[in-house]
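Asker: Protein chains in written order, with my numbering: chain A, 1 to 314; chain B, 315 to 819.
Hints may be right or wrong, so weigh each one.
So, partial list: chain B residues that the calculated Cβ filter (under 8 Å) puts toward chain A [said to hold, decoys possible]:
hint, residue
1, Ala350
2, Ala353
3, Leu533
4, Pro558
5, Ile584
6, Leu589
7, Thr690
8, Gly758
9, Ala788
Honestly, the hints are just simulated from the structure, not real lab data. All residues carry an ideal CB built from backbone N, CA and C; glycine is no exception.
Here are the chains, one letter per residue:
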Amino acid sequence: MSSATTGAVDAFAAEVGPPDAGPVAAVGGRTQWAAGGRVAPAAREVRAPAGIVAVEAADMTVRVRAGTTVTELDTALAEVGQTVALPAWDGATVGGVLAVGHSGLRRLGWGPVRDVLLEARVVSADGRVVKAGGPTVKNVSGYDLCRLLVGSLGTLAFTAEVVLRTRPLPPAERWLAGDADPFALVERLYRPAAVLWDGTTTWVLLDGHPDDVAAQSALAGLADVDGPPPLPGPHRWSLRPSELRALGASPDVGPGRFVAEVGVGVVHAERPAPPRPVQRHVVELHRRIKAVFDPSGRLNPGRDPLAATAEEAA
Amino acid sequence: MATNSGQVPGWASIAAGRCRQETAGVEHDAGPDVTALAAELRAALAPDRVRTEGVELGLYGRDASVMTGAAAVVCFPLTTDEVARAVRVARRHGRPFVARGSGTGLAGGAVPVGDPVVIVTTKMDRVLEVDPVDRVAWVEPGVINLDLTRALARHGLHFAPDPSSQQACTIGGNVANNSGGPHCLAYGVTSAHVLALEVVLPDGSVTLLGGLDPEPAGLDLRGVFVGSEGTLGIATRIAVRLTPDPPAVATLLLDFDSVDDAAETVSGIIAGGLLPAALEMMDRRITQAAEEFVHAGYPTDAAAVLLVELDGLPAGVEAGVEQVRAVGQAHGARSVRVAADDAERALLWKGRKSAFGAVARLAPNYYLHDTVVPRTRLCEVLTQVYAIAERHDLVVMNVFHAGDGNLHPLLLFDAREPGVMGRVHAAGEEIVQVSLDAGGVLSGEHGIGLEKRDLMPLLFGPDDLDAQARLREAFDPDGVANPTKILPAGSRCGDLQSVPEGVWV
Chain A
1 MSSATTGAVD
11 AFAAEVGPPD
21 AGPVAAVGGR
31 TQWAAGGRVA
41 PAAREVRAPA
51 GIVAVEAADM
61 TVRVRAGTTV
71 TELDTALAEV
81 GQTVALPAWD
91 GATVGGVLAV
101 GHSGLRRLGW
111 GPVRDVLLEA
121 RVVSADGRVV
131 KAGGPTVKNV
141 SGYDLCRLLV
151 GSLGTLAFTA
161 EVVLRTRPLP
171 PAERWLAGDA
181 DPFALVERLY
191 RPAAVLWDGT
201 TTWVLLDGHP
211 DDVAAQSALA
221 GLADVDGPPP
231 LPGPHRWSLR
241 PSELRALGAS
251 PDVGPGRFVA
261 EVGVGVVHAE
271 RPAPPRPVQR
281 HVVELHRRIK
291 AVFDPSGRLN
301 PGRDPLAATA
311 EEAA
Chain B
315 MATNSGQVPG
325 WASIAAGRCR
335 QETAGVEHDA
345 GPDVTALAAE
355 LRAALAPDRV
365 RTEGVELGLY
375 GRDASVMTGA
385 AAVVCFPLTT
395 DEVARAVRVA
405 RRHGRPFVAR
415 GSGTGLAGGA
425 VPVGDPVVIV
435 TTKMDRVLEV
445 DPVDRVAWVE
455 PGVINLDLTR
465 ALARHGLHFA
475 PDPSSQQACT
485 IGGNVANNSG
495 GPHCLAYGVT
505 SAHVLALEVV
515 LPDGSVTLLG
525 GLDPEPAGLD
535 LRGVFVGSEG
545 TLGIATRIAV
555 RLTPDPPAVA
565 TLLLDFDSVD
575 DAAETVSGII
585 AGGLLPAALE
595 MMDRRITQAA
605 EEFVHAGYPT
615 DAAAVLLVEL
625 DGLPAGVEAG
635 VEQVRAVGQA
645 HGARSVRVAA
655 DDAERALLWK
665 GRKSAFGAVA
675 RLAPNYYLHD
685 TVVPRTRLCE
695 VLTQVYAIAE
705 RHDLVVMNVF
715 HAGDGNLHPL
725 LLFDAREPGV
735 MGRVHAAGEE
745 IVQVSLDAGG
755 VLSGEHGIGL
765 EKRDLMPLLF
775 GPDDLDAQAR
785 LREAFDPDGV
795 ANPTKILPAG
805 SRCGDLQSVP
815 EGVWV
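Please take these sequences and the hints and turn them into a complete structure.
Answerer: Structure below.
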């Protein structure tokens, strides 16, 4: 009963196939295709099924197949006054944004991608359908494999169908920009949805009740703008929030042109981030986790959640 | 499901007292193995922080659940290094180890099985660093939940998870159980409030999981460690995310002539797109008990009351109050009381938070359950819960986190009554089953531990359990960290043949 799956999920499992079916690569919208390294060209491409299975508006959850685009999901949820805290990059799929785990610009207000996933039906390396988590908004029944999936780059299993937590669409929202200390604003405003900074200009996104948005706007003392600035790319840094202050100081060694998510620590940057140190035991845990879930290394070969890191000396 | 909330003396401490009477002054028959083990632990820690006396072993043989185990040795490390040494000593002696905080867990997660070394973290109780700018604090695992929030008050920050046992439970225990509490409805459970963990892995090595940056490299090992009930290692330092205190708070009490109306109001509030900070429900029996206990002014003739808290910026809070009032009145609320000030707010909450203490006055024993159902199914599942209790001739009270569908039925009984435990357990399993049939899950915040381990196959198929067992194997290939908890025997498909008759897989 508990593992009952839909036909589309079973069909996807069959497509991934048994262990001897060779290397496979899961393809979503290719919006973050370079994340975690290039997938081996020999891998056979497969696509997760698409489609919204059920919008449970009164429970504030949605069951959706992983190949659905976030934009399509958001459009359906908007009809019931809800949204989902996933980045709606053009063409990005639900499965893709979960696999990469990178949040959108509203992370300060909406939290990380990992907190959105409640239940996942995934296809394992041996072609079986496996359920992780549960459909309710609160659940501590066993190991939280959903956390392991978010950001795993499809190296442990391929996500076929998920249950996500939805959120009410804010009744009002407003982008502001101007010359202000973004670090002081993060302190002064109550839970802004986003505070961005390019070293000179500060952008703020406020959402909530219209009167609160108006009062917080007055407190911010910035001018209305249409939206966020264009984000430099293609690189993404992850810093402790207080480390952002130093970003503008030495442009030659830093990220180059950047937009930083103040209060969060994500930096959209022109230049690549320096390799991040990773502890030896963490590397070993990654090796063992990969070995138990995908012993033959057939899922997304070439991708590595520890890409762009450097193992620390013992 | 288990007795006691940790705030009040219940079964665990009563039993511990009995244990003390029986064993006081009696040296535990440790045997040569244990003598050598204890000697090595004393050398690794300190003589006075390693105990083998019957009194200690009795105390640490149980938690706040109904189950009892047996520890070989109990030790009290002060540092990460001492925890690592204790783990390595245990391994050298072929013993498993069990980490333990205050022992307020309700699912038997800290009950020692397999004559383990019990590693108690309560002496590691320092708040190491508070960074109000990055809104993070590093704490040791033995810090008491409420003490942390008190220590943060002057910064205008708090630690959001607030389990009923918050006066006694530790942050380390909150991490192990991924604990919740009333205010987790809007803010999320412990996992959403832990950024990084320094852990001692089951092989005795020390490492850091997660990080203070938003997207730490690699897999979310922090995320799988939280809620793993001490089976993946022991957290020795915890970086917790701090939440700013809201500028405005409103607390409402609504009362109803029927439980159905209250449950429909809960569903109506959520369906209306409002996410209160807390949304708690109490039925008539528990409301009466709480009122007699704390005199909060609860209406004792109501069939059910809802306690609703809204927080945030003032206009949003005010709009929320009106929305809750309207939904409540549309579903027959007899009255809607809005707390006028902080004192009244505190009083309304005192009744809710003292509910389990109040129950202790009504019956010698109670069994507290914990399941979650979709919020739209609350009404029908509650109806079934009352019917189940009636069928088994038991008194049930309901006081629970209605906003996230997290049921906590309390079955009251007197353990001296012959045959009553059989009825209590039978009713409990039926409550779990009706919750699962409604699309729910086994546990919302108490965890699986020993209590629900053998119910896991009701929620997960063999392949699902196998995947969980694989994760555990990656962290603990030798099965030394809190063995026998969470997963039923035979969860790893490879050892299906070893499953004894009668075990559900």
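Asker: All the hints need checking, so say for each whether the structure fits it.
Answerer: Hint-by-hint comparison with the structure:
1. Ala350: Cβ of Ala350/B sits 29 Å from chain A, so the hint is violated.
2. Ala353: violated (29 Å)
3. Leu533: holds (5 Å)
4. Pro558: Status holds, d = 7 Å.
5. Ile584: The hint holds - Ile584/B has a Cβ within 8 Å of chain A, the shortest such distance being about 6 Å.
6. Leu589: holds (6 Å)
7. Thr690: Check passed: Cβ of Thr690/B comes within 5 Å of chain A, closer than 8 Å.
8. Gly758: holds (4 Å)
9. Ala788: holds (4 Å)
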